[in-house]
Each structure stands twice: as structure tokens, then as C-alpha cells.
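Peer 1: Heads up: the protein sequence lines correspond to chains A and B, in order. Under the working numbering, the final residue of the first sequence carries the number 128; numbering is consecutive throughout. Under the working numbering, the final residue of the second sequence carries the number 1101; numbering is consecutive throughout.
Note that these hints are calculated values from the structure, not bench results. Check each hint, because a few of them may be wrong.
[Said to hold, decoys possible] No farther apart than 30 Å at their CA atoms in a straight line, the calculated lysine-lysine pairs in the DSBU-like style are these:
#: 1; chain 1: B; residue 1: LYS402; chain 2: B; residue 2: LYS721
#: 2; chain 1: B; residue 1: LYS604; chain 2: A; residue 2: LYS37
#: 3; chain 1: B; residue 1: LYS302; chain 2: B; residue 2: LYS604
#: 4; chain 1: A; residue 1: LYS78; chain 2: B; residue 2: LYS779
#: 5; chain 1: B; residue 1: LYS302; chain 2: A; residue 2: LYS44
#: 6; chain 1: A; residue 1: LYS106; chain 2: B; residue 2: LYS274
#: 7; chain 1: A; residue 1: LYS123; chain 2: A; residue 2: LYS106
In this text, all values refer to a predicted model and were calculated from it rather than measured experimentally.
Here's the letter readout for the chains.
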Amino acid sequence: MEKDGDLMPGTLDMLVLKALARGAKHGYGVAEWIHESSNDVLQVEEGALYPALHRLELKGWLAAEWGTSENNRRAKYYSLTVVGRKKLAQEAEYWRRMSGAIAKVMQMA
Amino acid sequence: MSYWMRVKALCKRKQLDRDLEDELAFHLAMREEKNRERGIGGEEARYAARRQFGNVTRIKEASREAWSFLSLETTWRDLHYGARALAKNPGFTAVAVLAIALGIGVNTGIFSVLNGVALKLLPVPSAQQIVSVDQIIHGKVPRNVEGEAGLFSYAEYKNYEANNHVFSDLLAYAPFLDPTTLGGETPKQLTGAETSCNFFDVLAERPALGRTFVKEDCSAPGASPVVVLSDDLWRTRFGADPKIVGKNISLNRAKFVVIGVTAAGFHGLDPWPSAFWVPVTMQKALEPQRDVLGEDNTGWLALLGRMRPGVSLEQVRADLGVIAGRIDQQYPGRTTTLAIRRATFMSRTDERSDVFGIGEIVLAAVGLVLLIACANVANLLLARASARQKEIAIRLAIGGSRWRIVRQLLTESLLIAFLGGTLGSLVAFWSIEGIARYVLTHLPHGAGELMWNVSPDLRVWGYSLALTAFTGIVFGLAPALHATRQDLSTAEKGDGGGLTGKARGGKLRGTLVGVQVAVCMVLLIAAGLLMRGLYYAQTADPGFEMKGITQVRFDLPSQGYNLEKARPFQRELMARVAALPGVDDVEQARVTPLGHQWEVTGLTLVGETQQRGFEFNVVTPGFFTMLGMPIVRGRTFTEAEARSDAPVLVVTESTARRLWPGQDAIGKTLRNGEKTQFQVVGMVRDSETSHLGQTDGLFFYMPAGPAAQDRLQLLVHSRGGDAATANGIREAARALDADLVVDVTKLEDNLEGWRTPSRIVAALSGVLGALALVLASVGVHGVVSYGVSQRIREIGIRMTLGADGREVMKLVLRQALKPVVIGALVGVIGCAAVSQVLSNVLYGMGSHDPIAFVGVPLFLLCIAFLASYIPARRAVRVDPVVALRYE
Chain A
20 MEKDGDLMPG TLDMLVLKAL ARGAKHGYGV AEWIHESSND VLQVEEGALY
70 PALHRLELKG WLAAEWGTSE NNRRAKYYSL TVVGRKKLAQ EAEYWRRMSG
120 AIAKVMQMA
Chain B
215 MSYWMRVKAL CKRKQLDRDL EDELAFHLAM REEKNRERGI GGEEARYAAR
265 RQFGNVTRIK EASREAWSFL SLETTWRDLH YGARALAKNP GFTAVAVLAI
315 ALGIGVNTGI FSVLNGVALK LLPVPSAQQI VSVDQIIHGK VPRNVEGEAG
365 LFSYAEYKNY EANNHVFSDL LAYAPFLDPT TLGGETPKQL TGAETSCNFF
415 DVLAERPALG RTFVKEDCSA PGASPVVVLS DDLWRTRFGA DPKIVGKNIS
465 LNRAKFVVIG VTAAGFHGLD PWPSAFWVPV TMQKALEPQR DVLGEDNTGW
515 LALLGRMRPG VSLEQVRADL GVIAGRIDQQ YPGRTTTLAI RRATFMSRTD
565 ERSDVFGIGE IVLAAVGLVL LIACANVANL LLARASARQK EIAIRLAIGG
615 SRWRIVRQLL TESLLIAFLG GTLGSLVAFW SIEGIARYVL THLPHGAGEL
665 MWNVSPDLRV WGYSLALTAF TGIVFGLAPA LHATRQDLST AEKGDGGGLT
715 GKARGGKLRG TLVGVQVAVC MVLLIAAGLL MRGLYYAQTA DPGFEMKGIT
765 QVRFDLPSQG YNLEKARPFQ RELMARVAAL PGVDDVEQAR VTPLGHQWEV
815 TGLTLVGETQ QRGFEFNVVT PGFFTMLGMP IVRGRTFTEA EARSDAPVLV
865 VTESTARRLW PGQDAIGKTL RNGEKTQFQV VGMVRDSETS HLGQTDGLFF
915 YMPAGPAAQD RLQLLVHSRG GDAATANGIR EAARALDADL VVDVTKLEDN
965 LEGWRTPSRI VAALSGVLGA LALVLASVGV HGVVSYGVSQ RIREIGIRMT
1015 LGADGREVMK LVLRQALKPV VIGALVGVIG CAAVSQVLSN VLYGMGSHDP
1065 IAFVGVPLFL LCIAFLASYI PARRAVRVDP VVALRYE
């Protein structure tokens, strides 16, 4: 059932926030950044990415602005809001604890 | 913030759509470029990007959903779309809306009757504060009951009134008073009530004229002969006399002073309107034949209290429960439970069980009609969904989510439901009051006047709204789910009907037809049984002669007659009536046959200790001859036995059979308590003198002697001229006592009282059965027509290959009638199970009457056959060439 590179459930929002931590990106940029930063392991489904972006925008975690892309196309750029930044910190902390705990359990002989 | 953005989104819908489009297009373009960089050339780069991207439509829908404002917009669009779809198919829409209108209409009508009869609060100010109290007494303790088992004695009422902490005040009144004679030029029988003196204060009813009762009116028994008249009585009997207050009127020959007139529209607390009210302390003055005020263990008063502000029903129960417990201590072995409800016209336990018992059956019946209507519309929707299969398949294929399509189809069926529901409810609201008035004014002589306000209120509106919504989902959901669960490839190719396979959805359609037929069968058999019951009631021979007999009914004890006064009156009246021209026989009886009067007592068999309940009548020796009831063994009473009040009995055949099977009943004895031994001297043939259609109850006759004269009535046999005889009898009675109300009617008229209920029930069930039949036959016809149209190509091929018309016809009919026959069988079996419920109104006819159980199914099958035959014939006439091209 599960393909390689599928995201763990519930992690997409966090990854999107992380992708935008260093500055504004368009949707394609977010997908590519996640793909590359994970050494081509993680593959973001576009079918999930755009609804997620819009959801986060509605929640007020992301701000969006239309701008011009590197190859002179009209593109929608997303960036973190103050709330979004806080959420990212929380999510990251939560993830650190969870993954640490899971790793520990899995290392048990 | 996010709400605000959604509102903005709603306003700038088009802009947002374009933005979304742009955003996704940008993504695709970037992906394509990347692919090209990787060396994938030309067109292939674009396709790869598309493939990677996945389903564009679904992404769009999901993203839009995030923006939409509580999905209001989608609903609006669905509504718009649904309305357009319905308008495009006016034939389909009309049939569906009409079917639902019929179903919802009868349900709403019946419910508003039930609401008016038993659910509406009393029409008094702040009615929600008024609660009714009645009691259920457990344990084997002696208790006298006048009217209903749940009523209270005066002492019990005083106890509750003085010791409760939850009512601002508690009233009592006697709901079951015998008719009272209002004296005057022409004496008239009235229904009135005896009430506690706070009666009008608790109800917050102000008089239109004069005053109502004050505390002093109830200070001592017999102290205050005052009466409050109803507006109706004041207008009809006293010509709306503005100076009525202070005048004397005569009630049961006692003088009462009029102190007030109620406001128009106040009729008391029962469905039968009260004409007057007197203080409860005047009970003996109004009813000289009984004295219940001082009887602490006789239940005769109904209690209603007005709750103090902030008090709950629970608190009332707890508080009154304590008082009930204290009363129980006076009667060892007795435990009392109280039933406390918000007061309506039918709030006491006994009344409610009657109304709700009947109400449940009727609601079930109209519910079944609605079920047929739902199955009908569901079937139509299914057929339509098949016609729209391609459209739906394409929408699913390009990524429309199933939920969205189901939702849209449901919106459409809800739209149908609301159109039908509104239409049906409006017609019901508009007509039900007229129908109820018609029925109530056509009750037989002696049934009394009834007043029910069945006009719809908020509760009825709510009921029909909820029912409508529920209906829309019930008939819409299955077809919607069915239509969206499909095998894409076949649907897109078009499903012109395979040669071997059944048309899609055939099973569901067949089931729906089966359900309709089964339900219709239940309703029709019930209607058939009831109609047969009516026919029986109209034509049945009750086993005794009624022709030429006039009954003369009067109530002496309530008019102050004791035995000494009654004897000469009876003697004189009989003599004068016997001397009338044409009269050849005059007999006396305590109750007249089938006169809705019953006398009951307990007698003990030799060798037994437990009493058995008997019905009885007290009659003169010639009674049996006059009524043509042959004495099959022994003899009737002798004149000597009658004159001496001898302890002898005549029993009915079935009584003898039950008490002394295989033995001779003559000479057997029955004991009345310790005192009297009665000896059986005769056995009379069974006849239905007490309940129409029943002869199997224990029943005996006693001779009418001097000790019985105060409670006897007359039966007069005459040749010819009933009207002349009746007038002669009235004159004779008037000459003896001008103030006595004497009711002179033909004995045959008593049958009306038995026929009317079965006539009403048969009419209602006949209408429901006819509705069910129409709906079900439309359903069967629709499904078979659709099946034929789906298989037209198959039929064409068969015909081309040489099948002849008859064979094709057989094939079509066999398939069409299979679900019908199965449904019919299920319906017959189901009805056999429920028909016991109806046995009460079937007057002596078995509830498994063969004519109803064989005739009705055959009739229904014939109708179903016709409904299938018409479209089947069309199938056979198909031109093969046309059929093959048909799609």
C-alpha cells in the first residue's frame, strides 16, 4: 500500500512551515525544497500540498502574496506570519520529543 | 480573522478561482521545465508533469472547499442545479411531488387531530403551569370508583390541597356527571360539572357576566346553591339575557341562583363541553341519587393544579408523593402511584391509553402510506439516475468526489420532499378542521357533543417539517448512493441493456416494488377487513327482534324519585302507554338492548370462593317474548316471582355452557355475597343484547319486581305508526310528570351507536387503502415501463432471431411480477399477524376473514398484472429494426 517517500500522517503542515522558515516560497518551491532537503526521500503530493497551503493561510499561520518568479512568471508566494513562526517552534519541539522517543523504542533489542 | 477571509472569499469568488487556476498552472509549468532539464523531451515532459501532479479537479475542489463559507455556497449551487433539473423534467417532478404530498398530507392531517385531541395544552392563560394529577392504586383494597379508577375522593383532594408545597392552588372537579335536567317549559338534559370553588381562579378564567365562585360557596355541604352558566347555554337557553345574574334556575328540580356567565369559548376541561358549573359541596342537591362528598374512599374527582413559578414536574411528583404515602397509611395494603402530566384535554392515564392506543394504529397506517410514497419516488429517482448515469460517471471520472455528487442528488430529493411536504401540509391544514367538524357533527344520537380544536399549531408545523426532511433523506439516499457506486467503464459506454445481464439496479428496484406491494397489501387487507366488519355491523342479525319496538328511557333517581314515588309512576305510565292505539305489549327493563348501558355485578358459584363478574339485566316476564329470544330450557319468570322479587335467574346459553359444562343449568344456584341464593329457572338463547357481535360474556336476567321500580325503563311494541306511538308515549309521560325528560326512540336506533365507529374507521381505512393502491400501481407500472425501455434492444434481437410475441411477453411479465408476488406474500403474512389488533371493531367477524384474505390479494395481483401488462404489450410491438438502433 505505502509507497516510498509518502509522508507520515500529520507531518505535512509542519514540513510546509519549516520550508517557509527561511523566507517566502511559492507552492512549487515548497514541494521542491522538501524533496531536496530530504535527499530526494520525501515526496509531497500536490493533491495534499495546495489544500494544506490554503488551510494554513486561512488559519492565519501563512501570509500570501502574488509576485514574480525567478523565470518571470506570476506566482503566489507564501511566508510565515508571527503566529506561524510560533506554531513552527511548537511543532518542531513536539516532533523532536516524539521522534527521539520512537527512535529509542526502535533501538531496543 | 479566518471568518473575515471567508466572507471576502465569498465576495471575490471569480478572482479566487482564477488565482487558484494560475497557481496550479504555474506549478505544472515549473514541473514541465524541470522534466525538460532532465532530458525528457517535448510533449512527454508535459504528460509526465500531469501524471505527477495527479487529479487537478480534485485538488481544485479540495482547495476551494477550504475557502468556502460553511459550504453555504455549495448548498446554494446544489439547490440551483436541483431546481433546474426538476424544471427540465416536469412529468417526473409532478408525479414525485404529488406522491410525497399525499403521504405527508395524510400524516400531517392525522397528527393534527391527535395533537388537538391529546397534546394541546388547555386553552387558559399560562397553560404550561397547569398539571393534571391522577392516581393508580395498587394492592387488593376495597375502593369505589365513579367514572375512572384514577379519580380522587373529596377527602383526598382536601389533603393534597392543604399539604402540598408546589401549587399556588389545586382544583378538583367531577368530570363524569350523569346528564342534568334543566327545568323549564321544555326540560332539557345538560352536561355540567361540580367543581371546587377555586376552579375558575386556578384556571385564571374571568367571567363575562357576574362573578365566579368564592371560598364561602364551598364552606359547607348544601350551603350555597349557586351556578355559573356557560356562554353557550346562556345564549341558547336564556336568549343572552343581560339580567340573568340573580335569577333562579332549576337543575334536577333543585333551585340554583345564577351568579355568572363564563367568557365565550370556555367549555371546561373535557372534550365534551360543560354547560354549567356548581360548587362541589352542592353534589347531593344536584344528584339526589348519590352522596359521594362524604365518602372518603370513593374516587370521583379529577385534580388539576397550577404550579408555583420555578417549580418543576419532578418537584411536584416528589411533594405529592409524600402526601400519597401518608394517605396510604390509612388503608393497609394500599400503595398509590401518582401520574402527573401537563394538563391537556386528555391527560388522565385512562383517557390517554384510549387515545394513544387508537392513535398509534392510525399513525402506523398513515406511516405505511408515506412509506409506499417514498418507495415510489425512490424508484423514480433510481430510473432517472440511470438515465443520468453517463453524466455522473463522467463527473466521477474527472475527479468529482462521490460525497459531492451524493450531496447534490440528496439536495434534489430534499427539494422534491419540501415541495410535496408543503403542498400536502397546506391542503391538510386547510381541510382538516372541516373534516373533523363533519365527523363530529355526524355522530349518532346519544353519543354526546364533542369539541376538539384540531387547528394546526407550531407542534404540527414542526412535525410536518421534520417528517418532510426525514422523508427526503429516506427516499433520496439509497438512489443517490446507488447512482454513484458504479463501474466506470460500463457506464461510460452506455448501458443499453445487456443480452444476458439484468438492467443495472434491477435488484434494488425489485426490492422497492416488493416493499410497496407488501405494505399496500397490509393496508388493503386491513381496509378489507374493516369494510367487511362494517358490512357485518350493518346487516348482522343481533339475535333478537328490534322491529316495531320503541324504547322509553328516563332517569328517575336523579329527579328525586325514591322507590315509593317510582312505583305508582311506573304503574300509571305502563297503563297509559298500553292503552295507546296500536300498542300491543309493554315491558320493563333496567337496560335496553344494545343501548350502551351495562350493569355489572359479582356472583359466586357453589363450591367457589372467588366472585365472577356478570353482566345482568332486570326484566319483566314478557321481555323474552317481545324481543323474540326463545327460552331453550326451563321457563321465564312467573308473574308471581316478579311481584315478590323472587331470587330466580334466567341465564344465557353460553353462560350455562361456561359455568356448568355438560350439566343441566336449571336448578343450579348462585350466591350474592353471604345473603341471597339465586336459583336458575331458565336458559335463553344467546343474542347480542349487550355488545354487538358478542354473546360469550357471563349474563343473567332477574325479574323486575317492586324493589327494582326506580331504575327501570320501558320497551313498547306497537303495530305501525312509530311516530304516533312515540308522541303518545311522550304525552303520557308529560301528563304524569311534566319536568321529567323522557327519551323516546326506536330500538333499532341503538344500532347506530355501534355502526358509527366502524363506519368512521372503515371510511378512513378505505381512503388510505385506495391511496396505497394508487401509489403502488403507479409504482409497479413505472418500474415495468422502465425495465422494458431498458431492454428494448434485447427484445428486438430476440424478435429478430425468431422469438414470438407471446414468449417475449411472458418473459417481461415474469420478471415484472416476481417482486410483486413476493411482496404480496410477505404482506399477507404480515397482515395475518397484525389483524388481531383490529378484532375490536370487527363485531363478531373472525379477524382472519377468508374473503378479505383471499379477495384482496387477488384484487391487488390483478391490478399489478394490469400495471405490468400495458408496458409489456408495448415491448412486443417493438419493431426490431428500431429496437436495434435504440439507445
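Peer 1: Does B/LYS274 lie within 30 Å of A/LYS106 when you go C-alpha to C-alpha?
Peer 2: Since the Cα atoms of A/LYS106 and B/LYS274 sit roughly 26 Å apart, the hinted pair holds (cutoff 30 Å).
Peer 1: Against the 30 Å threshold, does the CA-CA distance of B/LYS604 and A/LYS37 hold or violate the hint?
Peer 2: violated (45 Å)
Peer 1: Could you grab the alpha-carbon distance between B/LYS302 and B/LYS604 and see if it respects the 30 Å cut-off?
Peer 2: holds (17 Å)
Peer 1: Check the hint pairing B/LYS402 with B/LYS721 against an upper bound of 30 Å on the C-alpha distance.
Peer 2: violated (68 Å)
Peer 1: Hint check: A/LYS78 vs B/LYS779, CA-CA at most 30 Å. Holds or violated?
Peer 2: violated (96 Å)
Peer 1: Does B/LYS302 pair with A/LYS44 here, judged by a C-alpha cut-off of 30 Å?
Peer 2: Measuring from Cα to Cα gives roughly 49 Å; hence the hint is violated.
Peer 1: For A/LYS123 and A/LYS106, compute the direct alpha-carbon distance and say whether it is at most 30 Å.
Peer 2: Cα-Cα ~26 Å, so holds.
Checked against the numbered hints above, the structure breaks hints 1, 2, 4, 5 and satisfies the rest.
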